[in-house]
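Chemist: Now for the letters of each chain:
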Amino acid sequence: MSQAGRLPVSSAPYLKDNYYLETAMRDVMIALLPISLVSIMFYGANAVFLIAVCMATAAVTEVVFRKIMGKKPSLYDGSALLTGLFVALLYQPTAPWFSAVMATIIGVGVAKELSGGLGLNRFNPALFGRVAMILLAPVFAAFAPGALSLSTVEVVTQASPLALLGGGMDMPSYGEMFVGFQGGALSESSPLALLIGAGYLKYRKHIKLRVPMVIFATVAVVALMTGQDPIYHLLSGGLMIGALFMATDWVTAPITYSGRVIFGVCIGVLVMVFRVFLPPTEGVAFSILIMNAFVPVIDKATRHLAFLEPKEA
Amino acid sequence: METKSFSGGAHVPHFKSFTDELSIQKMSVPEKVIIPMHQSLGAPCEPLVKAGDKVTVGQKIGDSEEMISAPVHSSVTGTVREVETLWYCSGDIAKSVVIDVEGEEQEFVPSVKRDPANMSKEEIVAAIKEAGIVGMGGASFPTSVNINVRQPVDYLVLNGAECEPFLTCDHRAMVERADELIAGAEIISRVIGAKKCMIGIEVNKPDAIKTLKEKTEDKDLFEIVPLAVKYPQGFKSIMIKSTTGRDVKRGARSAEIGCIVRNIGTTIAAYEAVVYGKPLIERIVTVSGPNMKQPGNFMTKIGTPVGHILKHCGIEEVEGHKVVLGGPMTGQAQDTLDAPVIKNSTGVLMLPNEMVREQLPFSNCVRCGKCVERCPMKLYPNQLSMYAETENYEGLEQWNIMDCMECGICVFSCPANRPILEFIKVAKPVVKKREMAKRNA
Numbered sequence: 001m002s003q004a005g006r007l008p009v010s011s012a013p014y015l016k017d018n019y020y021l022e023t024a025m026r027d028v029m030i031a032l033l034p035i036s037l038v039s040i041m042f043y044g045a046n047a048v049f050l051i052a053v054c055m056a057t058a059a060v061t062e063v064v065f066r067k068i069m070g071k072k073p074s075l076y077d078g079s080a081l082l083t084g085l086f087v088a089l090l091y092q093p094t095a096p097w098f099s100a101v102m103a104t105i106i107g108v109g110v111a112k113e114l115s116g117g118l119g120l121n122r123f124n125p126a127l128f129g130r131v132a133m134i135l136l137a138p139v140f141a142a143f144a145p146g147a148l149s150l151s152t153v154e155v156v157t158q159a160s161p162l163a164l165l166g167g168g169m170d171m172p173s174y175g176e177m178f179v180g181f182q183g184g185a186l187s188e189s190s191p192l193a194l195l196i197g198a199g200y201l202k203y204r205k206h207i208k209l210r211v212p213m214v215i216f217a218t219v220a221v222v223a224l225m226t227g228q229d230p231i232y233h234l235l236s237g238g239l240m241i242g243a244l245f246m247a248t249d250w251v252t253a254p255i256t257y258s259g260r261v262i263f264g265v266c267i268g269v270l271v272m273v274f275r276v277f278l279p280p281t282e283g284v285a286f287s288i289l290i291m292n293a294f295v296p297v298i299d300k301a302t303r304h305l306a307f308l309e310p311k312e313a
Numbered sequence: 314m315e316t317k318s319f320s321g322g323a324h325v326p327h328f329k330s331f332t333d334e335l336s337i338q339k340m341s342v343p344e345k346v347i348i349p350m351h352q353s354l355g356a357p358c359e360p361l362v363k364a365g366d367k368v369t370v371g372q373k374i375g376d377s378e379e380m381i382s383a384p385v386h387s388s389v390t391g392t393v394r395e396v397e398t399l400w401y402c403s404g405d406i407a408k409s410v411v412i413d414v415e416g417e418e419q420e421f422v423p424s425v426k427r428d429p430a431n432m433s434k435e436e437i438v439a440a441i442k443e444a445g446i447v448g449m450g451g452a453s454f455p456t457s458v459n460i461n462v463r464q465p466v467d468y469l470v471l472n473g474a475e476c477e478p479f480l481t482c483d484h485r486a487m488v489e490r491a492d493e494l495i496a497g498a499e500i501i502s503r504v505i506g507a508k509k510c511m512i513g514i515e516v517n518k519p520d521a522i523k524t525l526k527e528k529t530e531d532k533d534l535f536e537i538v539p540l541a542v543k544y545p546q547g548f549k550s551i552m553i554k555s556t557t558g559r560d561v562k563r564g565a566r567s568a569e570i571g572c573i574v575r576n577i578g579t580t581i582a583a584y585e586a587v588v589y590g591k592p593l594i595e596r597i598v599t600v601s602g603p604n605m606k607q608p609g610n611f612m613t614k615i616g617t618p619v620g621h622i623l624k625h626c627g628i629e630e631v632e633g634h635k636v637v638l639g640g641p642m643t644g645q646a647q648d649t650l651d652a653p654v655i656k657n658s659t660g661v662l663m664l665p666n667e668m669v670r671e672q673l674p675f676s677n678c679v680r681c682g683k684c685v686e687r688c689p690m691k692l693y694p695n696q697l698s699m700y701a702e703t704e705n706y707e708g709l710e711q712w713n714i715m716d717c718m719e720c721g722i723c724v725f726s727c728p729a730n731r732p733i734l735e736f737i738k739v740a741k742p743v744v745k746k747r748e749m750a751k752r753n754a
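Chains A and B are the protein sequences, given in the same order. 168 is the number that my numbering gives to position 168 of the first sequence; each next residue is one higher, with no gaps. Numbers given in my numbering equal positions in the second sequence, counted from 1, plus 313.
Any given hint might turn out to be false.
Derived BS3-like pairs (lysine-lysine); straight-line CA-CA distance at most 30 angstroms [as the list claims (entries may be wrong)]:
(1) A:K300 / B:K738
(2) A:K300 / B:K751
(3) A:K300 / B:K562
(4) B:K442 / B:K562
(5) B:K562 / B:K339
(6) A:K205 / B:K691
(7) A:K205 / B:K317
(8) A:K71 / B:K738
(9) B:K442 / B:K367
(10) B:K624 / B:K408
Think of the hints as simulated: they come from the structure by calculation, not from any bench.
One chain only, chain A, in its complex shape:
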């Protein structure tokens, strides 16, 4: 109803901080750059291939699912590409690409788009896809035995330190494990690189480091209580990427600070339960997914009082 000669108006506030969804997703990608580079350095073409395939699959999956569901494309926000990158980092370099592709499709398609799109997904898409493939592995193996691994480049891989620990073998030194160690998933190759990335996210105010700290502290305490080496537990497996990047995922973590602390403690305890009592497979992923399911409950329990709420005298 703009009249002739009227100036265009809009509503307050007229200022905005320059932090958008795209900015946030780009920041996380930048934060994952160090670990991606380290894994490419270690595993060369295998890592590049895995990352490229997963990111491409993620993009295609999102476009296709949104098309089918009659929604506008949202590739520009970068969340699909990010999920693809996460899935790749959760896989071992020699993993069958078919499995990684399926994990990506399940993550982006089922865990995210079918739950209503970014923001409405209850589970971390990348972890959901990865864990779904672990659970479905027997099914796929039955259908296509042997055809799954198309890895052409020969690389030397070692068992992850956790497997070594489980097998009673010699452990690498703390320093080796911290800076860079070949074994396990791409993301397990360098806690240092992950910490650098998380530091960047902290600097960009995307995450608060207190939540990962709570997870680390819980893991360390439980390790000490059960007579294990806390440093090995902190540096090995998916704990670093899980605590720094997955448990700090905006969408699938509790919204308040106190809720996030509870979330962190529970994840820490669950991780140790998995590691101590169960065979060493993706304990961190399972722990975070299990806690994702409890987020609404945690949010409800930790809801804070409004400023104007009558306070008890």
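Chain A is fixed; fit chain B onto it per the hints.
Modeler: Quick look at chain B alone, frame taken from chain A:
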């Protein structure tokens, strides 16, 4: 410096350096003024003049019988051109008196000089009521109603936070008109029986803090409270909490909490009303913006069209800009340069389009938690926006939508571009209606 603050809020770039060192100048007198009859909370005024009438500076031209209302006065000498009904961008439709300015003598000349010490409380309240003094920071609540308390109130809180970006009118008033401010605060404190007057000032105004500290050194009544620079420090409930430490309860009026909050400009206007009988016909307006040719703080007559002000400051063309009356967080973009400055217009800002928040397509809430962390009222703006989006009024009530003071920090912070505040503003009247219906049932 030790500062007081509140939980929540965020640093918003404050852009005050354009005008914070410029002393108050007089705005030139426009050719015509447009004076709306509804410039306060409460009932609108009925015009007391008609087209063709001659009016003089300070003459009352609008009044109302209602208790919560404030009379309106002519800011100029001239002839009433017309009384027309105008639509304002604030959403108000109000009768407005348009006056053609005539003659050279356009200053208010006081006919009395009273000593407030010899005046009774009733006389002071009446003088403030007669002068049409309202809250000049934005709320526009009639001051006479506000200070007419039955029981003594512990604190008078002077709001010198000026947390809105760009604005410096209160800052300059605190520095340049400190004596009148202090005298005004003493008058109001006496009326409301306050034993203590807290002046809360954000520490980005060190000269104001220093000036007022020096001038109130030997006065027990005053305490200057340096506040952290954080938006929205200057909102009433936040101000009370920051300066006095008292909790504000839902639905409680300021007086029940034992605190009355007044704006800096309002306090000075109240002083002038009591001592000189001067009605509220002019105010300090910050004229600013990155492309403003001659920004400044101007004593401006109520009713001055924005276009005149911009011309005075060297601006001929506003293409590519939004013209905002008030601050950039809670002000209102104007659709015409004929829009007049009214009693609560703190600023006239010309904001380039590239600086202005554009309402981009928005997505689902991604639960980043920034709005929850920053909401000064400790609400869950994300929840409110989702409930409002789906018209879940039950949910809105449960999550205290009516607590929202519309500071806009949630929208400022939202990475998903959600128009949280628009959702809330649309839903509020419906929730209010439902509450009324429930109460009457």
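Chemist: Would the pair K205 (chain A) and K691 (chain B) pass a check requiring their Cα atoms to be no farther apart than 30 angstroms?
Modeler: Holds, at roughly 20 angstroms.
Chemist: Within a Cα-Cα threshold of 30 angstroms, do K300 (chain A) and K562 (chain B) meet the stated pairing?
Modeler: With Cα atoms ~23 angstroms apart, K300 (chain A) and K562 (chain B) stay inside 30 angstroms; holds.
Chemist: Does K738 (chain B) lie within 30 angstroms of K300 (chain A) when you go C-alpha to C-alpha?
Modeler: Given pair K300 (chain A), K738 (chain B) holds - Cα atoms ~25 angstroms apart, limit 30 angstroms.
Chemist: Is the hinted pair K624 (chain B) and K408 (chain B) satisfied, with a Cα-Cα distance of at most 30 angstroms?
Modeler: Answer holds: K624 (chain B) to K408 (chain B) is near 26 angstroms, not above 30 angstroms.
Chemist: Between the alpha carbons of K562 (chain B) and K339 (chain B), is the straight-line distance 30 angstroms or under?
Modeler: Not satisfied, since the Cα-Cα distance of roughly 42 angstroms exceeds 30 angstroms.
Chemist: Take the C-alpha atoms of K442 (chain B) and K562 (chain B), compute the straight-line distance between them, and say whether it is at most 30 angstroms.
Modeler: holds, 28 angstroms
Chemist: Are the Cα positions of K71 (chain A) and K738 (chain B) separated by 30 angstroms at most?
Modeler: The hint holds at about 28 angstroms.
Chemist: Given the hint that K300 (chain A) pairs with K751 (chain B), does the C-alpha gap stay at or below 30 angstroms?
Modeler: holds, 26 angstroms
Chemist: Are the Cα atoms of K205 (chain A) and K317 (chain B) separated by 30 angstroms or less?
Modeler: holds, 24 angstroms
Chemist: Taken at face value, is the distance from the CA of K367 (chain B) to the CA of K442 (chain B) at most 30 angstroms?
Modeler: holds, 24 angstroms
Of the numbered hints listed earlier, the single one contradicted by the structure is hint 5.
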